[in-house]
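Put together the whole structure using the sequences plus the hints.
Number of protein chains: 2
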Amino acid sequence: MDYKELIIKRRSIRNFKEEKVPMGMIEEIISESTLAPSAGNEQPWKFIVINNRKMIDRISEECKKSMLDRIASNPKDYAKKYEKMLSNEAFHIFYHSPAVVFILGDSRVKNLYVDCTLAASYLMMSATSKGLGSCWVNFGREIKNNHLKEELGLLDDYEIVAPIALGFPEKLVGIPKRMNPHIIKIIK
Amino acid sequence: MDYKELIIKRRSIRNFKEEKVPMGMIEEIISESTLAPSAGNEQPWKFIVINNRKMIDRISEECKKSMLDRIASNPKDYAKKYEKMLSNEAFHIFYHSPAVVFILGDSRVKNLYVDCTLAASYLMMSATSKGLGSCWVNFGREIKNNHLKEELGLLDDYEIVAPIALGFPEKLVGIPKRMNPHIIKIIK
Chain Z
1 MDYKELIIKR
11 RSIRNFKEEK
21 VPMGMIEEII
31 SESTLAPSAG
41 NEQPWKFIVI
51 NNRKMIDRIS
61 EECKKSMLDR
71 IASNPKDYAK
81 KYEKMLSNEA
91 FHIFYHSPAV
101 VFILGDSRVK
111 NLYVDCTLAA
121 SYLMMSATSK
131 GLGSCWVNFG
141 REIKNNHLKE
151 ELGLLDDYEI
161 VAPIALGFPE
171 KLVGIPKRMN
181 PHIIKIIK
Chain W
1 MDYKELIIKR
11 RSIRNFKEEK
21 VPMGMIEEII
31 SESTLAPSAG
41 NEQPWKFIVI
51 NNRKMIDRIS
61 EECKKSMLDR
71 IASNPKDYAK
81 KYEKMLSNEA
91 FHIFYHSPAV
101 VFILGDSRVK
111 NLYVDCTLAA
121 SYLMMSATSK
131 GLGSCWVNFG
141 REIKNNHLKE
151 ELGLLDDYEI
161 VAPIALGFPE
171 KLVGIPKRMN
181 PHIIKIIK
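Chain order of the listed sequences is Z and W.
Following this note's numbering, the numbering of the first sequence begins with 1 at its first residue and continues without gaps.
Following this note's numbering, the numbering of the second sequence begins with 1 at its first residue and continues without gaps.
Each hint should be verified, as a subset may be incorrect.
Because identical chains share one entry, a pair is satisfied inside a single copy or across any pair of copies.
Unchecked claim - Calculated pairs, EDC-like style, for lysine to aspartate or glutamate (alpha carbon to alpha carbon, straight line, at most 16 Å):
1) K144 x E61
2) K81 x E62
3) K188 x D57
4) K188 x E19
5) K4 x E151
6) K130 x D2
If you are wondering where the hints come from, they were derived from the structure by calculation, not from laboratory data.
Dropping the structure here:
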């Protein structure tokens, strides 16, 4: 797919078909995501792949619970504005996507956030180039339950940077309007 | 340019031709970078464009000085390992690139780092798609001199996330080897 076409087509998808994502496709986009640059070429990104609806549902429930606990213990938390949505039983943080990829790494790595975000950008573009839809779901970072963490291979030193919902888009929605770039200064 | 070809071609460039980058090209890649997703579609990215070698040289000198000051006041700073390089008069943090784009924003924005990094990823890809080379230069974030900050329009509340050197590549170097992706777990 042509790059220009790709960046125009890429958008956050929140409606997915039932169709499963072939594992080979997920492995391919993960492999392409590692072509991202990283500080000192350290490539600190690691991945967890969930291609199982039951587990995705469990993670959604766990993250909703953790977010609501957070809001309850600190009503000033930024997430307060999502309280109603998170309290809605029908709300699924991954929008019922058939697959989820977590991009994560050792929290002690200095540039972990930037490097994993660069890989996430590549991963979302690769997904688009193969006809998949994706959505970065920040709520997906809130996995606190120790049993679930163990099942996912989430060690205590690991920090999830990018939880990405993946699946075939049900319908292509329009790209949200972009503002004109705010260029503070041009020095020629 | 085909996306797959693009991600294979994109690499950090540290050798630039003398040739100036046309302003229209810089504006176009900035515009394309704003197609990146952002948390809540807030698009918090702002840009400063330096297409002037003298100013780029001044910023390079300023950042080297700030980094060396930082190391002097804290020998345990991560940057200690760069001390020799930064002390070398011939070292230019932007590798004498003819242009630099800063991606920045209000430091109070919660997702500033992630959002500006996503835009930076798009910007570097757009640069590649137009035959330009780029390199994310973290040292470029260390502008402390108030007079220089004022000249650049860098308000105190602004934080530079991504300083990107831009120019036509002198020669294409091979892409550094990537490790096989570290997939911690696959749940099918």
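Quick rundown of the hints versus the structure:
no., hint, verdict
1, K144 x E61, "within (11 Å within a copy, 46 Å between copies)"
2, K81 x E62, "neither (19 Å within a copy, 42 Å between copies)"
3, K188 x D57, "between (53 Å within a copy, 13 Å between copies)"
4, K188 x E19, "between (52 Å within a copy, 14 Å between copies)"
5, K4 x E151, "neither (40 Å within a copy, 34 Å between copies)"
6, K130 x D2, "both (12 Å within a copy, 12 Å between copies)"
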